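Trainee: As a plain string of letters, each chain reads:
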Amino acid sequence: MDDHFRAFTFVDRITSVQPGVRIRGLYTIPPGLDDFPASLVAEAVGQLAAWSAMAALDFKVRPVAGLAGGVEFLSFVRPGQQLELAADLESAEADAVAYGGSASANGVPVIRLEHCVGPMMPLEDFDDPQVLRERFALLCTQGATPGSFGGVPTVALERSGSVAGLWTRATLQVPTTARFFADHFPRRPVFPGTLLMDANLRLAATLAAELPTANGLPWQLRAVSNVKLRAFTPPGETLELEARLSERDEKTARLIVEIRKGPRVVGGARVLLTTEART
Amino acid sequence: MSNANITKEEIQAIFPKVADTMADALACDLEKVTLEASLINDLGAESIDFLDIIFRLERAFKVKIPRGKIVEEARGELSEAEFEKGGIVSDAGLARLKIFLNEVPADRFTSPLKAAEIPRLFTVETFCKMVIRQQRAAASAPPA
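Sequences listed follow chains H and G, in order.
According to my numbering, the first sequence is numbered sequentially starting from 276.
According to my numbering, the second sequence is numbered sequentially starting from 165.
Honestly, the hints are just simulated from the structure, not real lab data.
A quick note: this is a predicted structure, and the numbers were derived from the prediction, not measured.
No residue lacks a Cβ here, since even glycine has one placed at the ideal position from N, Cα and C.
Where hints are given, some of them may not hold.
Once the Cα atoms are required to be at most 25 angstroms apart in a straight line, the calculated BS3-like pairs of lysine-lysine come out as [unchecked claim]:
#1 H:335 / G:262
#2 G:196 / G:181
#3 G:228 / H:335
#4 G:233 / G:249
#5 G:262 / G:249
#6 G:262 / G:172
#7 G:196 / H:536
#8 G:249 / G:278
#9 G:196 / G:293
Have a look at the derived ranges for each label pair, beta carbon to beta carbon [to be verified]:
#10 H:484 / G:275: 50 to 60 angstroms
#11 G:200 / H:420: 55 to 65 angstroms
#12 G:196 / H:440: 23 to 33 angstroms
#13 H:350 / G:262: 24 to 34 angstroms
#14 G:256 / H:384: 55 to 65 angstroms
Kindly produce the complete structure, drawing on both the sequences and the hints.
Mentor: Written as structure tokens, this is what we have:
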């Protein structure tokens, strides 16, 4: 079965769009999934923004990876819920798209993104422009049939060193094959930045688990900022991930996460954890 | 757009905010962000960092910085063909570049210079000047 628009696609329907300005859409999390990580909700908002940007530029370029000034995690989502997605574009030009966005479920805010920037790349290097035009037309009319996403395999992290409560490192071996590569992207597979960030956040969580909290409640991810991906990660790449404590008080902990390929820092983010419960 | 009459005082006035912005974008120590520092060679910036910095400067100073037009501005009255041939900056182009990027120490202008390598010359002061030029352009524009 062709996994294009099935294996790593998170917009079922575009309900309104002004190309290059604003876009609204829907995505139903397949009910059969075990969970749907927050990083994939962020991916859904990014994909929605990408549709608006690509449409504004006649599907000649598309955003790939990039950076996010801030991502706030406001509540959890469950399989079966429908996400209401929104993106407002600050600019959509041939070299970059800048946008902010959000996702809600049943009117409850789930995630908020601000100051996101996606470098634009020639679309035909990654996908068939005509196929994307047709998909965009479908999404803007009757929409796609929900439920095609079957989840993504958890990419294992192999711990390579740590000092309890201060820092921890792990090796991430990007798979050589995976369904999502057929969708991200058909002509040039790239390990999705949101999955890379998800791996980083999992590593950050292991470090956080070593930090005592004043009220005994577990640390919860509240926000990430300064998210930046400097390079595309192809299948089979080996990356080193590091999470280190930056500062901490009774209710908040700030961590820095970094992704390295050899000596080069290819990505990173700042992570805010709190002991206040998310709904 | 000329930058010949941008004063040191104007640059110093915005430098602290530019430096803060760059240190945050590049996750580096503020002390490393000096006016003379090359973004690529000294601060380790890559192409995505340039985008990041420009968007941050736009927000910080409420100006619109024309990305991709920096080299065009540097070229001035020279045509593209006069400025570079086969990806190599011509002698006339190099002379023009030295005037436009007069904050860059002369020994950093290597010859032959690949056009794609021009961003390697950019210093923190280059970005200060970009902001000042856009502030001036905004101030002189008729109200919308």
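Trainee: Each hint: holds or not?
Mentor: Each hint tested on the structure:
1. Annotation: proposed proximity of residue 335 of chain H to residue 262 of chain G is violated, straight-line Cα distance about 35 angstroms (limit 25 angstroms).
2. Only pairs whose Cα atoms come within 25 angstroms are accepted, and residue 196 of chain G paired with residue 181 of chain G is accepted, the gap being roughly 14 angstroms.
3. In summary, the hint linking residue 228 of chain G to residue 335 of chain H is supported, as the alpha carbons are separated by about 24 angstroms, within the 25 angstroms threshold.
4. Of the supplied pair hints, the one linking residue 233 of chain G and residue 249 of chain G holds, its CA atoms being roughly 18 angstroms apart against a limit of 25 angstroms.
5. Between residue 262 of chain G and residue 249 of chain G the alpha-carbon distance is near 18 angstroms, which keeps this suggested pair within the 25 angstroms criterion.
6. A distance of roughly 18 angstroms separates the Cα atoms of residue 262 of chain G and residue 172 of chain G; the hinted pair therefore holds under the 25 angstroms criterion.
7. Proposed proximity of residue 196 of chain G and residue 536 of chain H is supported: the alpha carbons are some 24 angstroms apart, at most 25 angstroms.
8. Note on residue 249 of chain G and residue 278 of chain G: the hinted pairing holds, with a Cα-Cα distance of about 9 angstroms set against a maximum of 25 angstroms.
9. Proposed proximity of residue 196 of chain G and residue 293 of chain G is supported: the alpha carbons are some 19 angstroms apart, at most 25 angstroms.
10. Between residue 484 of chain H and residue 275 of chain G, the C-beta spacing of about 57 angstroms keeps the proposed range 50 to 60 angstroms intact.
11. Checked against the given bound of 55 to 65 angstroms, the beta carbons of residue 200 of chain G and residue 420 of chain H, roughly 58 angstroms apart, stay inside it.
12. At about 28 angstroms, the beta-carbon gap between residue 196 of chain G and residue 440 of chain H stays in the expected band of 23 to 33 angstroms.
13. The hinted window of 24 to 34 angstroms between residue 350 of chain H and residue 262 of chain G is violated, with their beta carbons roughly 56 angstroms apart.
14. Evaluation of the 55 to 65 angstroms hint for residue 256 of chain G and residue 384 of chain H yields a pass: the beta carbon distance comes to about 57 angstroms.
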